[in-house]
Structure formats: structure tokens, C-alpha cells
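*Asks:* The lines below spell out each chain.
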Amino acid sequence: MTDRYNRHIILSEIGQGGQDKISSAKVLVIGAGGLGCPILQYLTAAGVGTIGIVDFDIVTVSNLQRQVLFGTSSLGKNKAEAAKQRLEDLNNDISILAYAEKLTHKNAITLFNQYDIIVDGSDNFETRYLVNDACIITNKPLVFGAIYKFEGQVSVFNYKNGPSYRCLFPNPPVKGSIPNCSEIGVLGVLPGIIGTMQANEVLKIILELGTTLSGKLLCYNALTLQNSILKINKSEETIQSVLKNKDNFHKTEADSNCDVDIKPVSIEDFISEKSIQYIDVREHHEQPKVERLDITYIPLSVLEASLDKINTTKKKALFCQSGMRSKHAVKLLQELDIQNCFSIKEGALEIKNILSIRPDRSKNKRKE
Amino acid sequence: MHITIKYFGQIAEVTQIREESFKFSGNLVSELLDALHLKYKDLKNKDFKVAQNQELVSGDVKLTGDDIALLPPFAGG
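Protein sequences, first through last, are from chains E and H.
Everything in the first sequence is counted per our numbering, starting at 1399 for the first residue and increasing by one.
Everything in the second sequence is counted per our numbering, starting at 269 for the first residue and increasing by one.
Pulled out of the complex, with its shape left as it was, chain E reads as follows:
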């Protein structure tokens, strides 16, 4: 135990006392993606006593270019679970909790209350504003990081009476006006740099060392190596308006206005149509299988590498276990310029039940 943290402990600025502070800290990381991976890796190695990981997404092959906790054996697994598995190998002295769910207005407050520091490694404005507001309501410091192509932003919000993200950008931008990494690309090493800076801010807060980025926004450019630190002023009015909504926060509907979304459709809309390619994007082991339809099996984790299985002339109806992965899959296909793809809102079990109460069209056709 002492050996593991020896290089911390022999630093006079940290010592055993500092390492004890790290061991008793509880940090919640939102998103185990490009930013989340380096954040989690360094906080785990440093011995942060309790680490929570929130991510509903699964690992796909295009994540491996930058999401350094994952390997090919993680493909198709939930990111929070896969990260936990890797991190427990890195450090089994600490407690790691995986929340394989989407952060929502309903679950955020209860979750944040169980931690000391919140780290935002999410990839969309909807979540970023949710995290910011929940940090204001629960009075937790927020270590913020965000990236765009070759540039990154880092800050510490809601810390020691400092400004919040809304004091900088009061409202989410118009839907679709700012693309994310999956739409526009990102230099793989960039989230490594920005996420590591976030981990550094977390440790400084825990250790009460140095100067944090509270009230400041660090802008980093990987191509020019230019670093600008800009001062952010606090808007008490903005913070109060978030607090005013405190009691209704858990009832707030997600603001889909600030995120690109795929509108799901019902299987009922497709059953009567001919010439549809049904694609099951679940992993091969997942049950139940949907019968009565001609199904192409392409797990989301290998979708990009299996484009040859997709019929470009037909309408494509994608489904999965809950309607979440099929949305991701449609988004991915749209980005690859494959048209006429739809995400079915019903999960496999529901689709199976709907089909079971209808006459079997494929059999009737064969009789004709």
C-alpha cells in the first residue's frame, strides 16, 4: 500500500497526509469516453478512494483510437463496466462503481450527493448543462473539460463560490450548430491531454494544492501549442435562476433542443411494408431472437466494418434490446452517408410480442 503511493508520499507537498486525503476522496466521472478514460486512469492510479463512472454507451471499434482504457476485448461492452474492469486491475485498493445508465434529471441529484467532486467528460451539451445545474443544486465542485478537433477547454466551476458553466455560456447553443467528435473527428491524443489536465485539477482540489482553474477558462490548441487562460466572471443571477428551479429539477424534461437526436419509429409502421431490411444491432449472444422477419445480424460494435451487409436500395429498420443502440447505429450510418435508416423504438422482446399477435406474413406469402 505504502509502496504503491510512494512517489506521492515522498513529495513534501503531499506526504502521507495528502495521500490519505486522496484515499478518502469520492469522485464521480460523467462519461467514460475520450476524456473519461485518461481522467479515470490517473485518478485510479493516484488512489482516489471511491470512483463512480456514469456511461450508458457501449464500446465500438472507432472508440479505440482515443479511449485508452479499452481494447478489442471490450467491444460491445458497456463503457462504465468495461472501464471498471480495467481500472480494478490497475488498482484494487479502491472502490469503483459503474453506473451503466444515462445521466438524467431524475437520477443526477441522488448520484451527485454521494460524491465530493464531479468531473464532466461527456460529449454533448444536454449532459453538460445537466451536470452543471446538478452541481449548483448539490453544491459540488465541477471539473470541466471539452474538446473540438484540435482544441480543448478546461475549467473548474462551482468551486469556493466561483462561477458556473452558465456564467460563461448561459444557454445551450442551437440544435446541431456545434458538431461533436463522432460527427467531425478529433485528434486522438487531444482528449488525453485535456482529460489529464482535468485529473490534475481534481487532485489539486483534493490536496488543496496550487491554484485551480476556478474562475478561469484554459483554452489549449494542440496544433500551435498555444495556451490561453481567460477570466470568467460570476453571474449571481444566473446561479440563482438554477437554484430557483431546485425543487422541480428532477421533473425537468431533457432539453433535446441542444443535441442531435434520432427520432425513433414504431415497428408497426414497417410491418405492412415490403422491401425492408431489418437489422439487429445487438451482440450475437443477446436474446430473444426475433423470428418471422428476415433479419440481418450486425452488432453495433462492428457496424462500421460491416457496411457491405447493408442493402443500399432498401429501407433499413434497425433494432436492439431497448431502442438505444439502434439510435446510435442510425446516427453512425447517417454520418457515413447511408440513407433511409430508421431506429425502431421497441426492443427485441416487444417486437417479438407484436409480431406474435399478427398473422405470419412471410408464411402466407409462401403459400400464395
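Don't read these hints as lab results, they were simulated from the structure.
Predicted model only: the values in this text are computed from it and were never measured.
All residues carry an ideal CB built from backbone N, CA and C; glycine is no exception.
This list has only true hints and no planted wrong ones.
Selected chain H positions facing chain E (Cβ under 8 Å, derived; list incomplete): (1) F276; (2) G277; (3) D315; (4) K317; (5) Q322; (6) E323; (7) A337; (8) L339; (9) F342.
Residues from chain H that keep clear of chain E, each with C-beta distances beyond 10 Å, as calculated: (10) H270; (11) S289; (12) N295; (13) Y308.
Position chain H relative to chain E; hints supplied.
*Replies:* Same frame as chain E, but now just chain H:
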């Protein structure tokens, strides 16, 4: 006077330049922004904040600095 203007993220894609020296004689930050909107038509659809001498300010502030930055929000992670 000559003002150094720095563009970040998507804003630099609109202006096609990361930094420029801009000749301007107005009094307010908002007047400078009007001039920039005239020069770069596509700025009007963009969200961004303005920093004057490394401090984020609102448009109605007096233009006192010679170092301005236009800063959009990033969502990526």
C-alpha cells in the same frame, strides 16, 4: 487603433484565420462585433463569447483592450 483578434474553434473556421490585426475606431465591444459580422457573414449563426484582454465580457462593455478573443462553446468529449 489596431486590435489583435483571436478566433477559436468553429469561429476560426468561419474567419479562415486564427488571428488578425483589425483596424477599428469604435467605443464598444458590440460595435467591434458589428464590424466583424459585416466582414464575416457566417458569424451570425455562431454562438460565441468575447474576451477582452483575457477577460470574458458582454457586448455593452467599453472597448478598452487591444487583445480580443472570440470563443465558442465545445461539447466534445
